[in-house]
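Let the hints inform the model, and build the full structure from the sequences given.
There are 2 protein chains.
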Amino acid sequence: MAKWYIGIDLGGTFTKTCLMDDAGRSKDIIQRPTPTEKGGPAVIEAMGAGGLEILATHALSSRDVAGVGIGSPGPLDMAKGVVLSAPNIPGLGGLPMRDRVGQIIGAKAVLENDANAAGFGEYVAGTGAGLASLVLLTIGTGIGSGIILDGQILHGANGVGGEAGHILVEAGGELCGCGQHGCLERYCSATYLALWAKTQIEQRRWKGPLADVLGAKGELDARDVNEARQAGDALAAEAWHRAIRYLAMGCITICRLLDPNVIALAGGMTKAGDDLMVPLREEFLKMHWTFAAPRTQLTIAKLGGDAGAIGAAALARHLLG
Amino acid sequence: MAKWYIGIDLGGTFTKTCLMDDAGRSKDIIQRPTPTEKGGPAVIEAMGAGGLEILATHALSSRDVAGVGIGSPGPLDMAKGVVLSAPNIPGLGGLPMRDRVGQIIGAKAVLENDANAAGFGEYVAGTGAGLASLVLLTIGTGIGSGIILDGQILHGANGVGGEAGHILVEAGGELCGCGQHGCLERYCSATYLALWAKTQIEQRRWKGPLADVLGAKGELDARDVNEARQAGDALAAEAWHRAIRYLAMGCITICRLLDPNVIALAGGMTKAGDDLMVPLREEFLKMHWTFAAPRTQLTIAKLGGDAGAIGAAALARHLLG
Numbered sequence: 001m002a003k004w005y006i007g008i009d010l011g012g013t014f015t016k017t018c019l020m021d022d023a024g025r026s027k028d029i030i031q032r033p034t035p036t037e038k039g040g041p042a043v044i045e046a047m048g049a050g051g052l053e054i055l056a057t058h059a060l061s062s063r064d065v066a067g068v069g070i071g072s073p074g075p076l077d078m079a080k081g082v083v084l085s086a087p088n089i090p091g092l093g094g095l096p097m098r099d100r101v102g103q104i105i106g107a108k109a110v111l112e113n114d115a116n117a118a119g120f121g122e123y124v125a126g127t128g129a130g131l132a133s134l135v136l137l138t139i140g141t142g143i144g145s146g147i148i149l150d151g152q153i154l155h156g157a158n159g160v161g162g163e164a165g166h167i168l169v170e171a172g173g174e175l176c177g178c179g180q181h182g183c184l185e186r187y188c189s190a191t192y193l194a195l196w197a198k199t200q201i202e203q204r205r206w207k208g209p210l211a212d213v214l215g216a217k218g219e220l221d222a223r224d225v226n227e228a229r230q231a232g233d234a235l236a237a238e239a240w241h242r243a244i245r246y247l248a249m250g251c252i253t254i255c256r257l258l259d260p261n262v263i264a265l266a267g268g269m270t271k272a273g274d275d276l277m278v279p280l281r282e283e284f285l286k287m288h289w290t291f292a293a294p295r296t297q298l299t300i301a302k303l304g305g306d307a308g309a310i311g312a313a314a315l316a317r318h319l320l321g
Numbered sequence: 001m002a003k004w005y006i007g008i009d010l011g012g013t014f015t016k017t018c019l020m021d022d023a024g025r026s027k028d029i030i031q032r033p034t035p036t037e038k039g040g041p042a043v044i045e046a047m048g049a050g051g052l053e054i055l056a057t058h059a060l061s062s063r064d065v066a067g068v069g070i071g072s073p074g075p076l077d078m079a080k081g082v083v084l085s086a087p088n089i090p091g092l093g094g095l096p097m098r099d100r101v102g103q104i105i106g107a108k109a110v111l112e113n114d115a116n117a118a119g120f121g122e123y124v125a126g127t128g129a130g131l132a133s134l135v136l137l138t139i140g141t142g143i144g145s146g147i148i149l150d151g152q153i154l155h156g157a158n159g160v161g162g163e164a165g166h167i168l169v170e171a172g173g174e175l176c177g178c179g180q181h182g183c184l185e186r187y188c189s190a191t192y193l194a195l196w197a198k199t200q201i202e203q204r205r206w207k208g209p210l211a212d213v214l215g216a217k218g219e220l221d222a223r224d225v226n227e228a229r230q231a232g233d234a235l236a237a238e239a240w241h242r243a244i245r246y247l248a249m250g251c252i253t254i255c256r257l258l259d260p261n262v263i264a265l266a267g268g269m270t271k272a273g274d275d276l277m278v279p280l281r282e283e284f285l286k287m288h289w290t291f292a293a294p295r296t297q298l299t300i301a302k303l304g305g306d307a308g309a310i311g312a313a314a315l316a317r318h319l320l321g
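Quick note, the sequences are listed as chains A and B, same order.
Just so we're aligned, residue 1 is where the first sequence starts under our numbering, counting upward by one.
Just so we're aligned, residue 1 is where the second sequence starts under our numbering, counting upward by one.
Rather than coming from a laboratory, the hints here were simulated on the basis of the structure.
Among these hints, one or two may not hold up.
If several chains are the same, the list does not tell them apart, and a pair holds so long as it fits within one copy or across any two.
Distance condition first, Cα-Cα at most 25 Å in a straight line; then the derived SDA-like pairs of lysine to any residue [as the list claims (entries may be wrong)]:
#1 K286 x G177
#2 K286 x A171
#3 K108 x L95
#4 K286 x G173
#5 K27 x K108
Below is the structure:
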């Protein structure tokens, strides 16, 4: 009898569920709203229900499932299968997520950090397929990252490794939400890029397309900055390239320590496509050492928003298959 | 019959040779001058001769040797066992070092980067013994590093990983010998610490103990800076703490990506002992995020200058035993 795997990617707004076959191919992915407002236990029940739903759709049952993988926001206690706290999903902390979801679906389950699960997905089925190593940077509100070296997720000795968003790029720099000063995330996440532009407009009493958008909307996002940049707004161009320079700096540091085959970028910022990647590669090459030619590829991740669910299923296959 | 291993640590001035028993214990280490002035082929012959010498001292012969490990300055072609170039040992580039040394000693040999070999030594027999992971930073003229995760040396996909001296700590910073701007090495190696102090004395027309030493000697080293700091020289204190702040910043970045059990420091700078470690730990704790308590230990390496030879022997045991 063929074995099947379920991968669940829990998000604050949506939960995605992937059905993977024994050969590691994603056969289907469904997305359902996360009942965040109903609290932690309801969220966990809904995760299990999503797994049962995708099985039923494909005329499969618990007996066909060899393992369930879960990618969840953290921090986690992986050994116990428990989410310690999830800022965007109140009431989830301390609940036995792994075991309860496994019980509902009727199979063994594994729990992993969502950024690591996405990194693993991109590694096995995206831009990392067939390669030795990959670093996935998900650039949105913050910067999430998953580091996969020789097929293994880098967790670190104390379970807090693989956090590329919090490498330091500015000595004594701005305060990050993590308590550090000068984190990569604080200088080039989509949120902070837009925040920096807004602050500069106010401080410099700047006039131009971006100031007009800010006046009209009362706030800015990274896309506004890029569009104003395209419309010739010099401050928008400054904000955009400033963030990209810091991102390139982070990529250099990642290469010096880890030397991965690929640094793949995902998240909202990558919607900018070449507007992000062309100057990023340019800065990266400019900053690169001359000891050896640059070999690490900087690229947009292939799996997009499906990386987490596919990665969670692939992890179940890897660990429970 | 018991198996023995030879480890050779090639340096520009001295070559150390370690004899290791089958249980991984270092039985003896000898040090001989490297005949750098006689050229590459003579250096390689001397490496072999050192191996034969330590065997003879212990009444052993080629038949007793299960493997030879070599730690060499690089860059290397590990697959071919060839040093591509070694700036401090002219004429070594392109010679079949691994195979020739193995041939002289009469056993299979492996070639590794010297910083990685030292990291492996410190991992198996020093501060990393019994732990999952260690990063060794050797702080002297530059900053060498070896990263060991779960018993494996981190080489990277293209063989250029594990270079913590060249992570970026200052955006658009000073030019490093590697061609990058703002490298860790450029801000806190012993050499650059002293160079910065010298430059500041000249630029600020500074008077005081450190300026007196510079006047008398015509140059400065890191120890001069620390001694002047102890004598109350404010500029010396500034130089010393500036370097330590950057080093702490580098340690934070290493923790965020790799989360090792230990960051061990070696090299000339560690002769300062607590004058280095106390402020370093203080800065590290100040810069550390609040997501999770600091668990990575910052400590002075145990094996000192023997780490390379012990690590090379341990690698031979690991790979050829």
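Hints, one by one, checked against the model:
1. With identical chains, the CA atoms of K286 and G177 are at most 25 Å apart between copies only, with a shortest distance of 15 Å across copies and 30 Å within one.
2. In this assembly of identical chains, K286 and A171 lie within 25 Å of each other by CA distance both inside one copy and across copies; the values are 21 Å within and 13 Å between.
3. Taking CA atoms no more than 25 Å apart as the test, K108 paired with L95 passes inside one copy only; the shortest distance there is 17 Å, against 55 Å between copies.
4. When the C-alpha separation of K286 and G173 is checked against a cutoff of 25 Å, the pair qualifies both within a copy, at 23 Å, and between copies, at 13 Å.
5. For the identical chains of this complex, K27 and K108 are intra-copy neighbours only, at 20 Å inside a copy versus 49 Å across copies, given an alpha-carbon limit of 25 Å.
Against the hints set out earlier in the document, no violation occurs for any number.
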